[in-house]
Amino acid sequence: MLLAASGWRVWGLDVLPEALERAADLDARYRQLDAGLDPAHRRSDSVRWVQWDLSGGLPAFEEPVDLVCFARFLDRNLLRSLPQSLKMGASVVGETFTTLHRERHGKPSSDRYVLELGELPRLLEGMDVVEFEETWVDGRHTARIWARKPA
877 MLLAASGWRV
887 WGLDVLPEAL
897 ERAADLDARY
907 RQLDAGLDPA
917 HRRSDSVRWV
927 QWDLSGGLPA
937 FEEPVDLVCF
947 ARFLDRNLLR
957 SLPQSLKMGA
967 SVVGETFTTL
977 HRERHGKPSS
987 DRYVLELGEL
997 PRLLEGMDVV
1007 EFEETWVDGR
1017 HTARIWARKP
1027 A
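Everything in the sequence shown is counted per our numbering, starting at 877 for the first residue and increasing by one.
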C-alpha cells in the first residue's frame, strides 16, 4: 500500500481470500485517514486485489512490470521465471526463510519453503544483485535480496 501511496500501480496477490480481505480492509482504513488530506497528498486508487495461486505462475499483466515484491514466500520456479515478466531496469525485492530458521524453529517444515544459504541470488540468474544478505532479525533467519534486471 505504501507503493500505491507513492503513485505505483499495485497488484496484491494471495491465494487466501482472508489475506486479501485483511489487506483490503487495511487499505480502506488508510483511505479514510486520507479523506482530510490535501488532494495532492492522497493515496492513489491503484491497488488491485486479486486471489491468485502463484504456483501456476504470475497472472497475465498488460505489460511487463517495474517491481516485484515478496515476503515469506518461496516458489523456485516462479522466481526463476521472474526476469521474463520484468521491464528492463526493473527490480525484485524479497525476503524469505532459510534452513537456519527451520533448524531453530522447526518451520517451515518442507524443504520446498526454505532457502539453502546462498540460494536466492542463484534463483534470479541473469539479474544484477544490488543488495543481498542472510541474517537473523527478531529471531527469524531470512535471506533478503534486491536484484535489478539489466537495462
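No lab work stands behind these hints, which were simulated from the structure alone. None of these values were measured; they are calculated from a predicted model. Each residue gets a CB set at the ideal place from its N, CA and C atoms; glycine is no exception. Treat the hints loosely; a few may be bogus.
[What the hints assert, rightly or not] Only pairs whose alpha carbons sit at most 25 Å apart, straight line, appear in this in silico DMTMM-like list of lysine to aspartate or glutamate:
| id | residue 1 | residue 2 |
| --- | --- | --- |
| 1 | 983 | 929 |
| 2 | 983 | 942 |
| 3 | 963 | 1014 |
| 4 | 963 | 1004 |
| 5 | 963 | 951 |
| 6 | 983 | 901 |
| 7 | 963 | 890 |
| 8 | 983 | 995 |
[Said to hold, decoys possible] Label pairs and their in silico Cβ distance ranges:
| id | residue 1 | residue 2 | range |
| --- | --- | --- | --- |
| 9 | 878 | 1005 | 19 to 29 Å |
| 10 | 1001 | 897 | 32 to 42 Å |
| 11 | 985 | 906 | 11 to 21 Å |
Tested hints:
1. Taking the CA atoms of residue 983 and residue 929, the gap is about 21 Å. The hint holds against a cut of 25 Å.
2. Between the alpha carbons of residue 983 and residue 942 the distance comes to roughly 32 Å, so the proposed pair goes past 25 Å and is violated.
3. A distance of roughly 34 Å separates the Cα atoms of residue 963 and residue 1014; the hinted pair therefore is violated under the 25 Å criterion.
4. For the given pair, residue 963 sits about 14 Å from residue 1004 by alpha-carbon distance, which is consistent with the 25 Å threshold.
5. Proximity of residue 963 to residue 951 is assessed by CA-CA distance (about 21 Å); at most 25 Å being required, the pair is judged to hold.
6. Our distance criterion of 25 Å between C-alpha atoms is broken by residue 983 and residue 901, whose separation comes to about 29 Å.
7. Under the criterion of a C-alpha separation no larger than 25 Å, the hint pairing residue 963 with residue 890 is consistent with the structure, at around 23 Å.
8. For the hint pairing residue 983 with residue 995, the CA-to-CA distance comes to about 18 Å; that is within 25 Å, so the pair holds.
9. For residue 878 and residue 1005, the hinted distance range of 19 to 29 Å is satisfied, since their beta carbons lie about 23 Å from each other.
10. For residue 1001 and residue 897, the hinted distance range of 32 to 42 Å is satisfied, since their beta carbons lie about 36 Å from each other.
11. Range check, residue 985 to residue 906: Cβ separation about 35 Å, and the 11 to 21 Å hint is violated.
Violated hints, listed in ascending order, are 2, 3, 6, 11; each of the other numbered hints is respected by the structure.
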